[in-house]
Amino acid sequence: MAFSLFGILAVILEAIRPFLWLIAAVVVIELLVLFRLLGRRGHAWRKALRPALLLGGVVMVVAVFIGPWLTSAGFADLVGLLDWLSLIGGSIAAGLVAALLFWPLLTLVGGRRA
Amino acid sequence: MKDRNLDLQSGRRQFLKAAGLGSLALGAASSGLVVSRPAQALSTRARIVIVGAGAAGIAAANRFSRELNGAEIIIIDKRERHLYQPGLTLVATGLWKPGKVIDRNDRYMPSNVRWIHDMVSEFDPEANQVTTGSGERIDYDFLLVSTGLTVDFDAVEGMSPELIGQHGIGCVYDNPEHASRTWTMIDQFLTTGGVGLFTRGPGGIKCAGAPLKVTMLTEDLARRRGQRDAVSMVYNSPSEGLFSQPDMDQFLKQEFPSRDIAINWNHRLVGIEPELKRATFATPNGEQRIDYDFIHVVPPMRAPDPLGNSALAWQDGPFADDGNWMEVDRATLQHARFPNVFGAGDCVGTPIGKTAASVKAQVPVAVENMLAIIQGREPVSQYDGYTSCPLITGQGRGILVEFDYALNMVPSFPFINPYREHWVPWVMKDRMLLPAYNAMLRGRI
Numbered sequence: 548m549a550f551s552l553f554g555i556l557a558v559i560l561e562a563i564r565p566f567l568w569l570i571a572a573v574v575v576i577e578l579l580v581l582f583r584l585l586g587r588r589g590h591a592w593r594k595a596l597r598p599a600l601l602l603g604g605v606v607m608v609v610a611v612f613i614g615p616w617l618t619s620a621g622f623a624d625l626v627g628l629l630d631w632l633s634l635i636g637g638s639i640a641a642g643l644v645a646a647l648l649f650w651p652l653l654t655l656v657g658g659r660r661a
Numbered sequence: 409m410k411d412r413n414l415d416l417q418s419g420r421r422q423f424l425k426a427a428g429l430g431s432l433a434l435g436a437a438s439s440g441l442v443v444s445r446p447a448q449a450l451s452t453r454a455r456i457v458i459v460g461a462g463a464a465g466i467a468a469a470n471r472f473s474r475e476l477n478g479a480e481i482i483i484i485d486k487r488e489r490h491l492y493q494p495g496l497t498l499v500a501t502g503l504w505k506p507g508k509v510i511d512r513n514d515r516y517m518p519s520n521v522r523w524i525h526d527m528v529s530e531f532d533p534e535a536n537q538v539t540t541g542s543g544e545r546i547d548y549d550f551l552l553v554s555t556g557l558t559v560d561f562d563a564v565e566g567m568s569p570e571l572i573g574q575h576g577i578g579c580v581y582d583n584p585e586h587a588s589r590t591w592t593m594i595d596q597f598l599t600t601g602g603v604g605l606f607t608r609g610p611g612g613i614k615c616a617g618a619p620l621k622v623t624m625l626t627e628d629l630a631r632r633r634g635q636r637d638a639v640s641m642v643y644n645s646p647s648e649g650l651f652s653q654p655d656m657d658q659f660l661k662q663e664f665p666s667r668d669i670a671i672n673w674n675h676r677l678v679g680i681e682p683e684l685k686r687a688t689f690a691t692p693n694g695e696q697r698i699d700y701d702f703i704h705v706v707p708p709m710r711a712p713d714p715l716g717n718s719a720l721a722w723q724d725g726p727f728a729d730d731g732n733w734m735e736v737d738r739a740t741l742q743h744a745r746f747p748n749v750f751g752a753g754d755c756v757g758t759p760i761g762k763t764a765a766s767v768k769a770q771v772p773v774a775v776e777n778m779l780a781i782i783q784g785r786e787p788v789s790q791y792d793g794y795t796s797c798p799l800i801t802g803q804g805r806g807i808l809v810e811f812d813y814a815l816n817m818v819p820s821f822p823f824i825n826p827y828r829e830h831w832v833p834w835v836m837k838d839r840m841l842l843p844a845y846n847a848m849l850r851g852r853i
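Chains A and B are the protein sequences, given in the same order. One gets the numbering used here by counting positions in the first sequence from 1 and adding 547 to each. One gets the numbering used here by counting positions in the second sequence from 1 and adding 408 to each.
The following block holds chain A by itself, in its conformation from the complex:
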């Protein structure tokens, strides 16, 4: 049974529905930070990129290790390429999201210190 893009979005919406308040709070904070940065000049976006990627990398590695545990499973349950690729792909996605969320915050913090 094929799933349309709209259908996949609908399933994702249902998956995050219990956490919408949390996601909304994070989005508001990020937008506030972005607007704050918009009014300033010379903030070190590039300087903050490296630590943001580093933090994203840490999140990725942690996600690889706790991914199976979060699903009440263990590494022994990962039995093939599909499982490992899914775990690693999901962890990379988590790391990227974390890096993107951290980047403006670190830029703001770095700008203040400078």
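Rather than coming from a laboratory, the hints here were simulated on the basis of the structure. Predicted, not measured: the structure shown is a model, and the values here were computed from it. Keep in mind that a hint or two might mislead.
Ranges between beta-carbon positions, derived for each pair [as the list claims (entries may be wrong)]:
1. B/M817 to A/I635: 23 to 31 Å
2. A/F550 to B/R489: 43 to 51 Å
3. B/V788 to A/L647: 44 to 52 Å
4. A/W568 to B/G478: 30 to 38 Å
Covered, in the sense of this in silico footprint (three residues per stretch, anywhere, with C-beta under 8 Å from a C-beta of chain A), are these stretches of chain B [said to hold, decoys possible]:
5. 813-825
6. 828-837
Note that beta-carbon positions come from the ideal geometry of N, C-alpha and C, so glycine has one too.
Fit chain B to the given chain A structure using the hints.
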């Protein structure tokens, strides 16, 4: 320094631009999911009655409410609770808390649908009328029957739902209370050890994979607790097969013996003596009594009496003999004798398909065909028998089995091998199928 500032500002602009575009795209998609309506809703004054507010009934109500303009849509069901029944196997094996499968129907009920909090006690398709338990007669132009089914505990002599959770008796079906009490019994069985009997009702039952999953998860738990040698497990099949799809049947016929789960073929549970912890099976060689410490009782199932005793039920043939199931064309889901009546969900008499996954495939077909006949067109949309079972073989592993009327595998995700255990189907069962189910209830998938 100026160049560096320009460079930084360029990076910032790109980030803001990307963030802005992303937000816009997400916002557009989300708003579409929340308030979308078809470009041209069908204008009609028709009265559509839906009997049953389970998965099929609510999903259909949401689709009708979006697709129709001016219609009177009525749904009849007195149940306020909505149960995510595919999760009951996980509750019965201690992996989920019961609260995770309990929801409320009003969260999914469209505002332009009239909800009558009662049960239908009589169908009168000749008069295009149903009667509720309180005696109210409700006329309809078009009827969708989605009553679900009845678990026939009385078909097993000595059995009643109240016994679940006592005398080593479990039953995953019907509600989270049964599933939760089943877990109490399985937990006790795994502590004390002994003989565990696992059964399966004959004929059409909902989620026919559930008896197998309960068996394999119990075996897996026994191993994890170091109690495997203390328990003896026997699966009693009422036929000479374990699963309707031949490849899976073959897999299970190897898997069970390899896990030291004995199989009794042609053993149909017909009686139980709770105080003695003794079960009676009808076999080709006569009745056989077997003592147990734990038994998973899976009674036969049938259409609810008001439907099964009405003119809407199959009047003869295998679907009448099996459970008085509702007569529908297996492709269009239209009633053969009453063309303004359609069926979806567990209550219909089709070769396979008493799962939530079947409902996901059936409801769009039934709704589309009802819209067609409202417009005076022929119903052309067809249900191919799609059903799915994430066959959980142990905590953390499963096989995503999807097949159709022809019993051919029809995988939704070609990269997931439907013949091999993986972690990914387990993750889907544990994390993604409930959101998918809720999206289905809202008529989004």
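So, going through the hints one by one against the coordinates:
Roughly 27 Å separates the CB atoms of B/M817 and A/I635, a value that falls within the hinted 23 to 31 Å. The beta-carbon spacing between A/F550 and B/R489, approximately 28 Å, falls outside the hinted interval of 43 to 51 Å. Under the hint 44 to 52 Å, the C-beta atoms of B/V788 and A/L647, about 47 Å apart, fit the expected range. A hinted range of 30 to 38 Å holds for the C-beta pair A/W568 and B/G478, which are about 37 Å apart.
For the region 813-825 of chain B, the proposed coverage by chain A is satisfied: 5 residues have a C-beta within less than 8 Å of a C-beta in that chain, meeting the threshold of three. Here the region 828-837 of chain B counts 7 residues with a CB under 8 Å from a CB of chain A, which clears the bar of 3, and the coverage holds.
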